[in-house]
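Quick one: dock chain against chain with the hints and give me the complex.
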Amino acid sequence: MFNVLWGTIKIQMKNSWARPMFRFTLIASPMLNTVLIYEMFRHSGQSDAASYIILGSGLMGLWSSICFSSIGDIARDRYMGVLPFLFTSPSNYNVLIVAKTIGNTLLASLTLVVSWLTAGLLFRLTLVVPHPIVFLGALVVTIIGFVAISIPISYLMLLSRKTGLYMNVLDIPVTLLCGFVFPLNVLPQWTQPISQALVPTWSTRLLHLALQPTIDWVALRTTMTWNAGLILLYGGLTVVFWHAIQLRVRRNATLEVSE
Amino acid sequence: MRILRYFWTQAWLNFKSLNAIFNPEEFILLDLGYPIISMTFYVLLAAYSFNPASLTHWVVGNAFLLCINVCIFTMGQSINAERAQGRLRTVVTAPTSDLQFLLAKGFFPILMEFVTVLVGFVIGGWIFHIDLSQIAWVPLIGCILAGMASATAFGLFLATFSLVTDSMHFILNFVATGLFILTGANFPVTQLPLFWRGVSQVLPLTHSIQAASQVTAGRTSGVLGNVLWELGLTVVYFALATVAIKFCERYARKHATLEMF
Chain A
4 MFNVLWGTIK IQMKNSWARP MFRFTLIASP MLNTVLIYEM FRHSGQSDAA SYIILGSGLM
64 GLWSSICFSS IGDIARDRYM GVLPFLFTSP SNYNVLIVAK TIGNTLLASL TLVVSWLTAG
124 LLFRLTLVVP HPIVFLGALV VTIIGFVAIS IPISYLMLLS RKTGLYMNVL DIPVTLLCGF
184 VFPLNVLPQW TQPISQALVP TWSTRLLHLA LQPTIDWVAL RTTMTWNAGL ILLYGGLTVV
244 FWHAIQLRVR RNATLEVSE
Chain B
743 MRILRYFWTQ AWLNFKSLNA IFNPEEFILL DLGYPIISMT FYVLLAAYSF NPASLTHWVV
803 GNAFLLCINV CIFTMGQSIN AERAQGRLRT VVTAPTSDLQ FLLAKGFFPI LMEFVTVLVG
863 FVIGGWIFHI DLSQIAWVPL IGCILAGMAS ATAFGLFLAT FSLVTDSMHF ILNFVATGLF
923 ILTGANFPVT QLPLFWRGVS QVLPLTHSIQ AASQVTAGRT SGVLGNVLWE LGLTVVYFAL
983 ATVAIKFCER YARKHATLEM F
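So the sequence lines, in the order shown, correspond to chains A and B. Going by my numbering, the residue at position 12 of the first sequence is 15; the numbering climbs one at a time, nothing skipped. Going by my numbering, the residue at position 129 of the second sequence is 871; the numbering climbs one at a time, nothing skipped.
Simulated from the structure, these hints should not be mistaken for lab results. Just to be clear, a hint being listed does not mean it is correct.
Covered by chain A, per the in silico footprint, the following chain B stretches (three or more residues, Cβ under 8 Å) [as the list claims (entries may be wrong)]:
#, segment
1, 763-771
2, 774-785
3, 791-802
Just so it is clear, CB atoms sit at the ideal spot from N, CA and C, and this is done for glycine as well.
Excised from the complex, chain B in its bound form (with noise of 0.2 Å):
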């Protein structure tokens, strides 16, 4: 009980500091409207490059990759944030775990990035004319929360690097455009060299991303297969996490690299 009251309170605290100075203009230009003109951008592309029948498969896989966001971006920098206010050396010797910190930082910006994928899927399909009516929405929020779980672990695996790196902005700017290539997302795996495809089988979102787009086209075989498999890689993810906070908090220790910036 007193565990889940401190995950509470921190994640209380570090949303209404993220995000208190903006009015509510700001907040949903920021939340809502980047995000889908960011996807708007990569669909438009596609338009123009693929010239297909239909856009289905960008609209989906482009409103997947807006959790990257929050999923990539809030999470790896959480660390990076806390050392800039200075109070990174008492997150790391207070008794509670590195990581349950680092999740009750991203537990509200990941529902509000929840909604976000959501709406930009549905503001996507109305720009871009497709049916929503036919689409089975139980399995389809169930990708979508399923892609997110292992972006938000894959984010915790990369948030871990922060302690002894100082290049983080370039390491999740790097991992976020590597997964507009790989995830499938912009365009079929099978482009990639045999390499990058099977690197593409073990990066967040991909599975989810096909299933996704076997949901809006009306099958269901392979659905339960991607979103295990992306359960999987969550499960994967996190215990890399675990394992990559203790190195990196010891090595840290060891070189001197907690405040390096």
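Extracted from the complex, chain A is given alone in its bound form (with noise of 0.2 Å):
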């Protein structure tokens, strides 16, 4: 099993790399980001203005890379034909997606980086990290969280035939909701449910605490037991859409019915 992981970890991120789109949203995307909030932010006077600047310009990315690729690679499948060997080969399809998912999202993760470099050599911007080894675990927990939420969403895909309409329609209201890059207290009341719902808001969450020059470890430690709560909630929801959308595809035969 371990062979297969690592196998279509690599190839996916060759096949995603090889992808115009993919390289906008890991390499274009992130950099004018970074320039379309820095210059709505230079003359905002707020002291978080830098983690906001870079880190949300960099989740942004992040973010889009998964709607674009993990979530659309069902979609790609389907439209190479490759969708029912997949689903049938004597690999489970569950290590594919999951492995598909881990490629792309490590890949995407770079969107962080392209962020900082463009937020350093353009306007001099640099993000102050206190403590990196709880950056680093904040990091890694983030990329386990959005691993996390994308693989039900993928599987919810295999439903549809309109996974075009849905990744693109996942974009935005996810960058929106998590607070990427304006705290949610700007968000209406209503929305707060649905946002604290959301793995990323927390993993955003976390990223910014593990900023702060003193870290306050009883906020850190409930942002993390909502982080495992949500990974592990969402890890159950991937087991049940499994059961009920391969015997529902199956059933209907509607794998292969594209738009």
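See the structure below:
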């Protein structure tokens, strides 16, 4: 299983990199978003502007990469005609999806580096990381969280022949609801429960907490608990979705039905 | 008459083929819900970063940017769509003008997008407490039409490059995000370096956004000048598209890039 996992991760990274759209979300999008957000924050006087500019544009790029890659992979496999082979191959399809998602997310996490470099080179803006180990840990949890949320969404896409619609429609709303570029108190109160149910909200909070000069350990522990809880919940959802969806697509013969 | 009938048939057929698989809820989500959420995101970002007394300028600017979905993406990807369905050779060798064919493909989506921009502006105004009763609607609609005309001509110009490159998704997304930065919708153009300030003047939407901001602020000076500039850009981009499609078609035949993807 490890060989299948590792082989799929490698091939997925190569395939994703070969697509111009993925290269846009990986390189051009975080650069352009950094410029846009920097110019918008330039005269704001907000003390946390640097973290919103660098982390925000990086996370926007990370999420876009997931939308246009991990979530769109099902549609691409369907279009290329390989979906039924992957679905029925002796290597468990779940392992393949997990590996593809890990490959994409690892590659997509480079958006954070691109944002950091863009802000440094163009605007001499740096992100001070007072506790590198805590920040690194937060980054790992963030990547796990993003992998965890994209798998159940990918499975849902097995049901739909309109994957293109949904992967476009998921991009901005999650960026808006998870507070990548502004704090959640800017949003109306009724949106808060939706935000709280999304693991990227807690990953973002964790990254911001890890950047504080003095770590608030209580808040960090609470945020970690939420991250862990939601990751487990998404894991559970993945199992439930898999059983329900694989039965349904076999019964209705809709696996290869596309737009 | 025959040309008009052909245009109408192509336009309607394309519109049906694009939207037939969506049920009404999905159609509204895609054409209205998503654009408004996108506009809300940028306006909220402006509310947090600029903390202004009124958000009118951002609602106007981002409502205008909603037309990018169709004017840039739908127009820009129309050749790609033909290629994916194996019809590009027929389209290119048909006696009908390629530009006419592309415009027919964009006709109904552009009409829909006009409604989206207008409704987006009204809903944005309602969400962000803008007094819509004081707005001169006729000049505002004029600004929207001028902006969409130049953005469509720009999208047509970009679409021609589909014949010679397989990276249209990259190009279109790059240009669309560039428009968010350079048109003055999200921050004043004066913040840009001199070179990029110059570029922003020849991009679609910059002048119509300026004109619309003046209209919503109750001023009339400079509105006509900005609208005329925008219409001038429409003519320039349409002329460029006419030249570029001939050049790209010849290049594609010569280098066999017509069906490259």
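We went through each hint and held it up to the structure:
1. 763-771: With 4 residues in contact (Cβ-Cβ under 8 Å with chain A), the coverage given for the segment 763-771 of chain B holds.
2. 774-785: Satisfied; 6 residues make the cut.
3. 791-802: Check passed, 3 qualifying residues.
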